[in-house]
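Trainee: Sequence:
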Amino acid sequence: MRPTQDEMGPSDTGTPEGPVGPTDQNSSQDQPPETITVTYPSTSYSVAPGGTSGFFTTAQNADITLSAVGFNETGGPLRFNRASGLTTDGTRLVMTDVFNNRVLIWNTAPTHPNQAPDLVLGQPNFTTNEPGTGRNQLNWPLSASTDGTRLAVTDTNNHRILIWTEFPSSNAEPADIILSGGTNANPSKSNIQWPWGVWTDGNKLAVASTESASVLIWNSFPTYDGQPADVLLTGSGHIGTPRQITSDGNSLIVGDHNATAGGGNEAGTFFWTSFPTTDQQPYDFFVVDPLGEKQTAPWLRGDFTDDDRLLMMGDTLHIWDGLPQSAADPPSLSNLGQGIAGGYDFRWGDYSTVAVVGSRVYITTNGSTLVVYDSIPTSATQAPDFVLGATDLYVDANIENFVMSNPVPVSNGTSLFASSDFDNRLFVWRNLPDESGAAPDVVYHFCWYSNEDAARRHQCGDIFGAWDNALHGESFALAGGTRLLIWTELPLEGNLPAYDFKEGVGSVQFDELTGVAMDDRYFYVADKRAGAVYVWAGIPDGTHEPVATLAVNQPTRLSSDGTWLAVNSTMGNGAQIFRVDQIAASGAPTAVGGDGAFNLPEGTTVDGGHLFVADTGNNRVHVWQDVADALVGKSADVILGASGPSDTQPEITRNQMFWPAAASFDGDYLWVGERKFSGRLVRFSPTG
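Just so we're aligned, residue 16 is where the sequence shown starts under the numbering used here, counting upward by one.
What the hints contain is simulated information worked out from the structure, not anything from laboratory work. Bear in mind that the values here come from a model prediction, so they are computed numbers and not experimental data. Warning: the hint list may mix true and false statements.
Keeping only pairs whose Cα atoms sit at most 27 Å apart, straight-line, the calculated DSS-like set for lysine-lysine is [what the hints assert, rightly or not]:
#1 K204 - K219
#2 K543 - K517
#3 K543 - K691
Hey, can you work out the whole structure from these sequences and the hints?
Mentor: Printed below as a string of structure tokens:
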């Protein structure tokens, strides 16, 4: 499972700004004067002492986590971590808090920003977030649906649906019925794999079985554990990874991240204008962009009002006066959205959902907030009236709380740096933190706003998302897209890069930069689309050409310790390891991993003769004490984030991981960044 990243960029932190523009006024790599903004959060934190010894052990606990409150800590009832899954019975409001492994319930839908929920499911209280497999526990719940009596929740990472046959009245109340089954991706009426969407009216039940590319329907409400569905839908094979489900009981709407209705993979939405009652009942039409502009847009998900209007969230909020009858039936009103002056940025993405309670409209955002309209919008420029989970309507709570989406760490044993391509930022800790949740000392934001309205909408100019970073001595680099930034002094004080290469360096033209590394001899840049790793003797300044070009199929992140160069290959399920002293002589690499060994690894790191592979799809990190052992095919000495070689279960816990994507070892500590579906930056210490 590897959906593409589809979330939108967040807002500023509101902390004091530092310098903008290029450092070297004589540099030929000029940029607009407001390309990079630097902020300095007011912070203090405990500093790690270093001086560790020994090595790591399989399944050991992590010490601290950044980009999160802490282990088994939420921060309270109104601190959300990817709010989603809204549903209502017309009075109550139910919301899943995905990364916190809980479902929050307001007995009366909130009418002001500080109204805390009354109940929590999946946890014994509002401060814990440990996942689990019991009937009273959850692991990454995406969606919920209720008719006022029954409540159904997708327990997504546990591959099951939890059902309460009477509406819960106490915290951590156990579910009455569990629907689960199947062990593969083959669609069937008894196979539920990684379910994202659920809907019920108390009579029928519909479930999106995301990994098995199908929608399951029970014609009458299930009454026992493991009850198979009555109807199976695959959209004639066009359903790819179905997500949220919307229905009024008479129609069915299924959003899909990777549908093939148009011939290729694209996000869109399937509509059945009458509720399906038979296997493989064809869908009536498929919508990519409800505005008909054929632009890339996310799938739709939403709610019907009491007077049969349909409110749906895509890349913005759309309102139809009734159920659309064809793909050409446009909404009667759409908010201008993030990209147009006067619009509102709903920070759309995986976790966007909509519920209507009376006249109020509730919308979850990818910024871990719940925004609320006091009445159904009547204008394309109308903004919500209040927000829960952040200080104001225009703030992204993730960025406000220094929660990253895709942290890529690098440390030299004194300072810690973490770049995030999705957040378009570089986070800097001048000292190594020794406590969870420590805020950074410096934040670089690679974006500028043309005016105040653009800032409110987070409409960046010259946006830059770094896919990889590198640190060697006093030099630091970021690479992503077609841009390469190089500092010749570490970015510890808000100092800006000495070089900002856009589109290429000398005769080398950039296509899709995915890796960067440095050592005493060379400076390396990986270009995925070009299938090349460019090697310069020293830091490139635009006046000299690479001394070598390594042909590697779809290279991604890079790492070098001066003896070995590791070239990660995500699609190749492994890495190519080069001897640095043989690069000039065109020495051949040795492959590590391959199909069946790893599952879409996103980062391979070498340091001090050790090798670390972030086995992303298998939710673990493989560690070899000696690179040479990996090169001759020996199994890893240590597995972190899992109980052993057969454990691939994703969990956001102290000793488990969810999509680890990058690692950095500074000689004392191992820092691991998790991608997209967790976003933590966790630290491991050698245990002896």
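Trainee: Each of the hints needs a verdict: does it hold here or not?
Mentor: These are the hints, each one checked on the structure:
1. For the hint linking K204 to K219, the alpha-carbon distance of about 15 Å falls within 27 Å, and the restraint holds.
2. For a cut-off of 27 Å, the pair hint linking K543 to K517 stands: about 16 Å separates their Cα positions.
3. Taking the CA atoms of K543 and K691, the gap is near 20 Å; set against the 27 Å cutoff, the hint holds.
Hint violations for this structure: none, all hints satisfied.
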